[in-house]
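Engineer: Construct the complete structure from the given sequences, taking the supplied hints into account.
If you're matching them up, the sequences are chains A and B in order. Mapping of the first sequence onto the numbering used here: residues 14 to 591, in sequence order. Mapping of the second sequence onto the numbering used here: residues 19 to 312, in sequence order.
Rather than coming from a laboratory, the hints here were simulated on the basis of the structure. Any given hint could turn out to be false.
[What the hints assert, rightly or not] Rough simulated footprint, nothing fancy, chain B against chain A, three-plus residues with beta-carbon under 8 Å:
no.	segment
1	320–326
2	409–423
3	485–498
[To be verified] Now the stretches of chain B that chain A is said to cover, found in silico as 3 or more residues with beta-carbon under 8 Å:
no.	segment
4	140–153
5	240–247
Heads up, the beta-carbon is just placed ideally off N, CA and C, and yes, glycines get one too.
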Amino acid sequence: MRPVLVGVLGLLMLIVLSPATGGAQQTQEVERLTIATEADKGNLTPYSFRPPPGLHSELTNLIHDTLFLDPYTEEPIPWLATEATPNSDATTWTVTLRDGVTWHDGEEFTAEDVAFTYEYYKEGPANRYSHHASEVPVIESAEALDASTVEFTCEQPCPTLDLITLADLPILPKHIWENVDDPQTYTDLPVGTGPYKLVEYVEDQSYRFEANEDYFLGPPTVQEIEMPIVPDPSSMFLALESGQVDTVTRNVPPELEERLGETENVELVEGNRFSSIFYRFNAERPPLDQQEFRRALDMAIDRQELVDTVLLGSGRVGSPSFMHPDSEWYRPEDATFDPEQAQTILDEAGITDTDGDGIRESDGEPVSLSVIVPANDPQQIRTAELITQQLEEIGVELQVESLDPGTLSQRQNARDFELASFQGVPHLLGDPTQMIESLESLLFYSNPEYEELKSEWFQASTVEQQSELLSEIQALFVDDPPAFTLYYPDTKYAYNSSAYDGWLPAEGHGIHHKWSLIPEASEMMGIERVSQSSTLEENASGGRAAVYALVGAGVIALLALAVLLWRRSARKTDDDQI
Amino acid sequence: MSGALLGRIGAATLTLFVVAAVFAPVLAPYDPTLRTAQPFESPSLAHPLGANDVGQDILSELIFASRLSLTVGIVTACLATVLGVTVGVVSGYLRGPVDGVLMRGVDVILSLPFLPLMIVLTAFLGQNTTNLILVIGLLIWARPARLLRSQVLSVRESGHVQAARAMGATHGYIMVRHILPRITPLVAAQFVRTANVSIMLEASLAFLGLSDPFQKSWGAILFYANARSAFLADAWLWWVLPPGLCIAAVVVSFAFLGYALEERVDPRLRSTRPEGETLKDAETPAPVGGGALQ
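Structural biologist: Okay, here's the thing in structure tokens:
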């Protein structure tokens, strides 16, 4: 009997000690990836910027590089630069550049290119980036000291130069752009230092990128990226389900989460993109010119109802701080929802319902506002519908005009609106210099206390001081908001995990950007790829398997013991009988 | 199937929709502007067609939407027919320079791309139902005008018209008393056709999200259904199909009605002949009315 027992024990040991399945995965090498994007963004130079929907800087930066990694990181992370040192009051910065970086056309990247780019943004026609060289901060000069050193001089202290400005502005090749007369109408395919070359662009149809094998951080993980432009959300997600595309840049609408989650090979990940829906207002139009009136409107909006109904709960309520709650620069402030207080404020401001029709009058005119919303975004239309009902409660009429995107931006630029529904982009919600800039150029904010804080902000010479001042500025917004932030939607993204799972949910950006395709980026940014987090899950299931194996082995051992005992006793009885 | 039977089917269906439109507040189980269910709720006894993306009852939306579609269809058709008949008759009867000028105008309008122009016009004028009716009406009168004119050209040469002219009847008198009655079947057919076109145009515009977004219309229901991914989920069964069927049913019943009307007014189409021939007749396009339907 002994050998049997030994055999059973041996088997048991074997089962318990056999290694759990799975292990650390390497970043995949992928031949080709198809990514559906929702909008055409021109030829992807810094000058081809178009407002949302759709990614812009993420696409432009596939081709171009910045001196530092990204404006939304906690600390500046060197990229094309290796180091940036400020002088004592942070007005002059000496920036050292990487050696051995080349442009896509083989020319060498030098300090001349950097100096040229900043001068070009500053002096040339305005683009999405130019005011970060000419206004916030005011860069007086960018000078190439030698082939790999640039000196930046700011008019006032610019403590966030390396953290934000240098991390935001894409560097252009001097040898190409010095010959471009009008960058706005430049239609050639751009040349950059980035991990991808744009090799084909068909307007309103598609982009095609090829890997830059000579990239300074080594070749990216995906050889070729095909990017069809699919404006219709249904066709986009259908293409993902059927495997025609490998991921889509539109975030997954809440109603599709369940369905996509159940689709084979399709995985969902929270991308942490900075996004919001807010209402701009035109403070030149009475009664919106009265601060009390705006305050009352703000208080009458039930943001939780918007999140629950329009986003099906997948989002956070808007904050008067305006910036995104996940941004380093966000000051936590809660919006007040108090329709009764709103009514009192309106009554006190003399805006009352004098003719008993349920709508208040201001200066004898019924208070009837209009809001313009994009016709291609049903969530914004539904939001407006709910707000119309909410404002009705306090006797304010709201009319909704849904417009095609072209007319919408025209009306906004001409300031021909009372309220305008606007989608907040990462740049607006995560970059404090853009915030200061937008308060003037986009939101037309006027508040005497703000003016004071702003001039202090421009004088501040450390990041901490600026952070403190920005916090004070956001505190002003509680009583006098520059816009009504309604909600911050969650930004889940869907991808086919069998095609590629190296996606990197970078704070502010979602998962569709160059860092998802650069092997080193994960470590540099300190963010895990989705493949690594799913490995964790696999390990967990591996752990479960070990438990099952243990229990199973235990059961087998018990059975073996029972059989052994039974046979023994059987033999005993046999012996007895004999 | 005889024209009269088709006509009865058409009339019955249309009556059904008209009744639904008129008595919408009584028939609809809920107020379609209120959120009475959970967003994206599946059909249940309380909500036979489920709820839309903000929790409004889809059945109630459908019933209320028939108001807009029928109003737009009928009012626009009236407007377009009046315009078309006036231009067609005047142009065909008077001929000469008046004809030339009017027909070049018709050429211009016929060459316009309807939908893009409507998108621009509604963006420019604002999105309310009156504007919508005016814009559609002003765009679709040209085809009836052109068709009616060609008929008038032949009528004006017929014996009784020439006799009336010889007896010194005024142009106005001849146009109203002699020309108009002769082209009535065509007018009826054109009325029905323009009603159809305008219902379809209204639905297309609403489907693109470019009409008043809170006006309940079948096109708008489809817009939200498409934009909130109903086509990707089972919801197409109760969110997409019903408004689609409603649009189809109204358009088809208008067409049936038009066919029956035509047959009644035009003796050549009337089924007084033996059974076999009627069938053949009904299916071959008649020289006058049938051509107009295409």
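Engineer: Does each hint fit the structure? Answer for all of them.
Structural biologist: Hints, verified against the model:
Coverage of a stretch by a chain is defined here by at least three residues with a beta carbon nearer than 8 Å to that chain's beta carbons; for the segment 320–326 of chain A and chain B the count is 3, and the condition holds. Counting residues of the segment 409–423 of chain A whose CB lies closer than 8 Å to any CB of chain B gives 6, which reaches the minimum of 3, so the coverage claim holds. Evaluation of the coverage hint for the segment 485–498 of chain A: breached, as 0 residues show C-beta separations to chain B shorter than 8 Å, against a requirement of three. Interface restraint, the segment 140–153 of chain B with chain A: holds (3 residues with C-beta to C-beta distance below 8 Å; minimum three).
Look at the segment 240–247 of chain B against chain A: 6 of its residues bring a Cβ nearer than 8 Å to a Cβ of that chain, three or more, so the hint holds.
Checked against the numbered hints given earlier, the structure breaks only hint 3 and satisfies all the rest.
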